[in-house]
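A.B. asks: Each protein sequence line maps, in turn, to chains A and B. Residue numbers 753 to 1052, in our numbering, belong to the letters of the first sequence in order. Residue numbers 96 to 269, in our numbering, belong to the letters of the second sequence in order.
Some hints could be false.
Below, a list of computed lysine-lysine pairs in the DSS-like style, where the Cα atoms sit at most 25 angstroms apart [stated by the list, open to error]:
#, chain 1, residue 1, chain 2, residue 2
1, A, K1032, B, K226
2, B, K226, B, K214
3, B, K212, B, K138
4, B, K262, B, K147
5, B, K262, B, K214
6, A, K1032, B, K267
Calculated Cβ distances over 12 angstroms to all of chain A for the following chain B residues [stated by the list, open to error]:
#, residue
7, R182
8, E192
9, K212
10, D240
Looking from chain A toward chain B, a few residues come up when the C-beta cut is under 7 angstroms (computed) [unchecked claim]:
#, residue
11, N945
12, V967
13, P981
14, S993
Hints are computed from structural coordinates only; laboratory data are not their basis. A virtual CB, placed ideally from N, CA and C, is assigned to each residue, including glycine.
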Amino acid sequence: MIRFLTILICIFTLHTLSFGQSVDELVQTAYSLQISGKHDDASTVINKAISAKGGEKNKLAWHVRGFIYKDLFIKNRAQREAGQYRSEAVTSFLKSNELDKDNQLAPQNQKALRFLAVSYFNDASDIIAEHDPDRIEKAEDNYFKYRNIITELNPDTNLVNKDIEYFLAMSTAHRKIYESDRETYDENWNVSNEYMNKVLDLDPTSFKALYAKGVSYYNRGAYNIERMPHVEIYDLMEIQSESMRSIEAAFPFMMRAYEIDSTKVEAVRALKIITFNLNKEEESRYFQDKLEELDGNFKK
Amino acid sequence: MKKFTLFLSVCISFLVQNPQLPEMNEKDTGAIIKASYLYNFGKYVDWPEDKKTGNFIISVMGGDNLYQELVKNYNSKQIGSQQIEIRKLSKTLKISECHIIYIGTEYHDMLPQIAEKFKNTPTLIVSDGEKTIANGSAVAFLWNDNTWMFDINTANAQSLYVSLTLKSLARKVE
Chain A
753 MIRFLTILIC IFTLHTLSFG QSVDELVQTA YSLQISGKHD DASTVINKAI SAKGGEKNKL
813 AWHVRGFIYK DLFIKNRAQR EAGQYRSEAV TSFLKSNELD KDNQLAPQNQ KALRFLAVSY
873 FNDASDIIAE HDPDRIEKAE DNYFKYRNII TELNPDTNLV NKDIEYFLAM STAHRKIYES
933 DRETYDENWN VSNEYMNKVL DLDPTSFKAL YAKGVSYYNR GAYNIERMPH VEIYDLMEIQ
993 SESMRSIEAA FPFMMRAYEI DSTKVEAVRA LKIITFNLNK EEESRYFQDK LEELDGNFKK
Chain B
96 MKKFTLFLSV CISFLVQNPQ LPEMNEKDTG AIIKASYLYN FGKYVDWPED KKTGNFIISV
156 MGGDNLYQEL VKNYNSKQIG SQQIEIRKLS KTLKISECHI IYIGTEYHDM LPQIAEKFKN
216 TPTLIVSDGE KTIANGSAVA FLWNDNTWMF DINTANAQSL YVSLTLKSLA RKVE
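The following block holds chain A by itself, in its conformation from the complex (with noise of 0.2 angstroms):
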């Protein structure tokens, strides 16, 4: 009953203290509810702030929006609900510095904003590591919400290089989902392979997507001749010949990788595995010889 009262009480006070308050006397209540930790209530009146009459308009609205929304999103960061928030502080943030036309709040939304794009970066690093095929794409949706900060924050920003390392880890993430069962997830052989193919846009010389492409379509024709163990003779021929268009497959990239850096012992040592299956014994004793050159360890 006495808690009853209690809410009562305070739902009282909260529409006392917001009716008929202007703008700026809905954000000093907001903040000052903000400031004292009640970020749910502060959410409340700063609503009523920028839905009132000049409050959509209002920079320092938007701005103490920002940070009430950005204090709920630390606070319930493991809640559902966190993602919300988060996108709610951005949209305020990002709202008062349109406002801002004097540069006012600037250097304050910025700063909150970089903290929420990396906040969104890091989530999605999270959620790749953890090669989840049925949370993988929401990296997706979180580095595009890191990017389009970053954009927006500074349209001169080049991302070019933290594009690549996104797309070369998504592809990565996919290929070791696909190998975690082969049958289950074959679709995301095919995934990773686009991510590469993205990569390669952006950098047609990059080693790490040839060399990737190279091993994905080799490994792929690879297994599947090594589970044939017992197979008909008809299926036999069958995964054969599609495997071995795989392996076929995986040699322009591993040679692009090699005539791109010919000391990476791995692309070699690649080479001459692919050749072998291939059954180019000539050109795999090359890559033999060309491995035992560069690493004594691989002297046969």
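Here the structure of chain A is known, so what remains is to put chain B in place on it, guided by the hints.
C.D. replies: Quick look at chain B alone, frame taken from chain A:
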């Protein structure tokens, strides 16, 4: 809380959490394919009745990877009611009776003598390269259009019945 602050203060590199260079799964796919062919030859070639009891013996001279593959995946498996037994041979002509004998490229020089030894016996001689057919192989593996195929010479397998299925799948039958 400290961890949380640190977590949010800098972008964690994707590279740190995800090693980028994938591992190459080194395999001798040729050996795997040939082992599977040998197993299927056992099913699609008919041996005389007196060879349908006891173990089904596959002898291997050379071709180390193929031998390993056979041992790993086919030793103790069945062909009909017979249990498969894989035998490794050194370079010798003292070869016991077997159902299938595979001669690797490193021992091709011995092929004519081995063929002579098994002439008119129910042993299927298998080797690599189409030229080995002329030296006594009944079946020769060959690399054709980026796949492992096989040729058959029925004259070198006169004591055996090679099924039509197997003949229809061969690249060439003499």
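A.B. asks: Now tell me, hint by hint, if it's right for this structure.
C.D. replies: Evaluation of the provided hints:
1. K1032/A to K226/B: 18 angstroms, holds
2. K226/B to K214/B: 18 angstroms, holds
3. K212/B to K138/B: Distance ~24 angstroms between K212/B and K138/B Cα, so the pair holds.
4. K262/B to K147/B: It holds: about 22 angstroms lies between the C-alpha atoms, which stays within 25 angstroms.
5. K262/B to K214/B: 21 angstroms, holds
6. K1032/A to K267/B: 23 angstroms, holds
7. R182: 19 angstroms, holds
8. E192: 25 angstroms, holds
9. K212: At about 28 angstroms from chain A, K212/B clears the 12 angstroms cut-off, so the statement holds.
10. D240: 9 angstroms, violated
11. N945: 12 angstroms, violated
12. V967: 5 angstroms, holds
13. P981: 4 angstroms, holds
14. S993: Check passed: Cβ of S993/A comes within 5 angstroms of chain B, closer than 7 angstroms.
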